[in-house]
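Here the structure of chain D is known, so what remains is to put chain X with the ligands in place on it, guided by the hints.
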Amino acid sequence: MAEFLQLVFSGLTVGAVYALVALGFTLIYNASDVINFAQGDFVMIGGMGTVFLAAAGIALPLAALIAIVGAVIVGLLLHKLAIEPARGASPVALIMITIGASIFIKGIAQLVFDKQFHSLPAFSGDTPIAVGGATILPQSLWVMGVALALFVALYLFLEKTLLGKALLATAANRLAARLVGINVTIILALAFGVSAAIGAIAGVVVTPITLTRYDVGTLFALKGFAAAMVGGMGNPLGAVVGGLLIGLLEAFGAGYISSTYKDAVAFVVILLVLFFLPRGLFGGRSVERV
Amino acid sequence: MLTVECLSSAYGRISVLHEVSLEVKTGEIVALVGSNGAGKTTLLRTLSGVQPVSGGRILFEGRPVERLEPHARVALGISQSPEGRQVFGPLSVEDNLRLGAFRRRAADKDTLAQIYDMFPVLAEKRRISAMSLSGGQQQMLAIGRALMAAPKLLLLDEPSLGLAPLLIDQILGAVVKLKAEGITVLLVEQNASAALAIADRGYVLETGHIVLEGRGQALLDDPKVRAAYLGM
Ligand SMILES: Nc1ncnc2c1ncn2[C@@H]1O[C@H](COP(=O)(O)OP(=O)(O)O)[C@@H](O)[C@H]1O
Ligand SMILES: [Mg+2]
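Chains as they are written, first to last, in numbering that gives the first Met the number 0: chain D, 0 to 289; chain X, 0 to 231.
No lab work stands behind these hints, which were simulated from the structure alone.
A portion of the hints provided could be inaccurate.
Not everything, but these chain X residues come out facing chain D in the computed CB check (under 10 Å) [what the hints assert, rightly or not]:
id, residue
1, T41
2, P51
3, R66
4, H70
5, A71
6, A74
7, Q79
8, S80
9, V86
10, F87
11, D94
12, N95
13, A145
14, M147
15, K151
Quick caveat: nothing in here was measured; it's all calculated off a predicted structure.
Glycine is no exception: its CB is placed at the ideal position from the N, C-alpha and C atoms.
Next comes chain D alone, as it looks inside the complex (with noise of 0.2 Å):
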């Protein structure tokens, strides 16, 4: 009992991560129909960044907000370099587009940072708490709680301002949202944005726990892509639930099986959903489209 309740644990928390790339996904295919598999490498982004700006002597929070913000010019960047220039082509070009970029990224840091694998310090220590027989370590409690509190904001944004109900008419209907006096192209800027926020957020509250280098963005993509397509693209729900869903499995299969085959967990899922359930648990938009 108490080694499947360490498994949770260890599986809510790397699956609030998955959750908050799968999230990144939702946002961005809303707005743009575009599938961005350069997602993950917000997180490095996220990670890398406040590594290194830590390192340089600046604190934590400052290095973190520094980051952060860059990631969110790399997403806008993205988005008018890559991705406005290419309007209106068709799905599969945008996604290799973004591959593309993806790579581009990954060597950008490897001269920028370099080819190790580096962490960050816990926020709140190192002491693990105690919870029904099992423990859960404190930086855990930072990445459920960020995840939370990021995803509660990202359903006010939508639900509840004029702005976010814009994201989602664009979505919706571009012309229409066009018609309205919807400037999509800064909808789209503000989604890329958004997305890249979300991402390197995480990457900084995770990386105290699962270490960064300039590549991890590949896995966390792949991931959150899994994650993304178990809840059904688009679905910021879904996304929630399916990155948790991705966690919990890898975990399980580490804990009860092999920790070798940690990583293929997602694969297996992808291929699983692809197969039997290509709208995922609650029903995206038009997958079959890509």
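Structure of chain X with the ligands alone, referenced to chain D:
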């Protein structure tokens, strides 16, 4: 209010509008009629800025607007209810309306109340998603959304398309009321008799050319129009 001079537009290499000129004066209802594929929708799209022009000018209150982005034209007072309604399906009726006022930021309560007054069924269904409305209700919503921008010039593309006669009367009745409230209307219709009956003036568009213009009633009585568009 609106002067279109020698406007041309094309989809790729296929030219659809050929040097179209027309005028809409302040306070008028002007009907633009013509058969399917004549280019009516394309013309309205160029007026809103969602379709590029390949030549000519669009003057709105004396200012050239043909190079302005769609949102800038909405801000100037040109608003459109597009063909096929194009409501924001997953969003609620009220959200659809509030987004109509996106350019004005403050979704002002008075305009909303006026629209609910004009189309009470929308008030009843304010919390329901737009895609679950009937065709006629979606049409009212599309018009209401366009009105939320508090336009000076309202562009209506086929508001009667696919509606039962009773609903057509209700919608066109609403258009006449809008005119009484000082809104200028450019009304595109395949249903030429209904449109010309409420219009001050009308234009007939044929394969991208304006072929006839005149007072609404005069066009209705014109033998050529009667033969070609009214099936008489
Ligand atoms: N998106 C498009 N791409 C290519 N051709 C189009 C497109 N939309 C309309 N057309 C063509 O332009 C012409 C005018 O169409 P349209 O403006 O919709 O006419 P109307 O509204 O009078 O029925 C038609 O021949 C139509 O086939
Ligand atoms: Mg048409």
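Hints, one by one, checked against the model:
1. T41: violated (13 Å)
2. P51: violated (13 Å)
3. R66: violated (15 Å)
4. H70: holds (4 Å)
5. A71: Holds. Min distance 8 Å.
6. A74: holds (6 Å)
7. Q79: For X:Q79, the interface hint holds, since the closest Cβ of chain D sits about 5 Å away, which is under 10 Å.
8. S80: holds (8 Å)
9. V86: Holds: closest Cβ of chain D sits about 7 Å from X:V86, inside 10 Å.
10. F87: Hint on X:F87: holds, closest Cβ of chain D at ~4 Å, below 10 Å.
11. D94: holds (5 Å)
12. N95: holds (8 Å)
13. A145: holds (8 Å)
14. M147: holds (8 Å)
15. K151: This hint is violated: X:K151 lies away from chain D, its Cβ roughly 14 Å from the closest one there, beyond 10 Å.
Checked against the numbered hints listed earlier, the structure breaks hints 1, 2, 3, 15; every other hint is satisfied.
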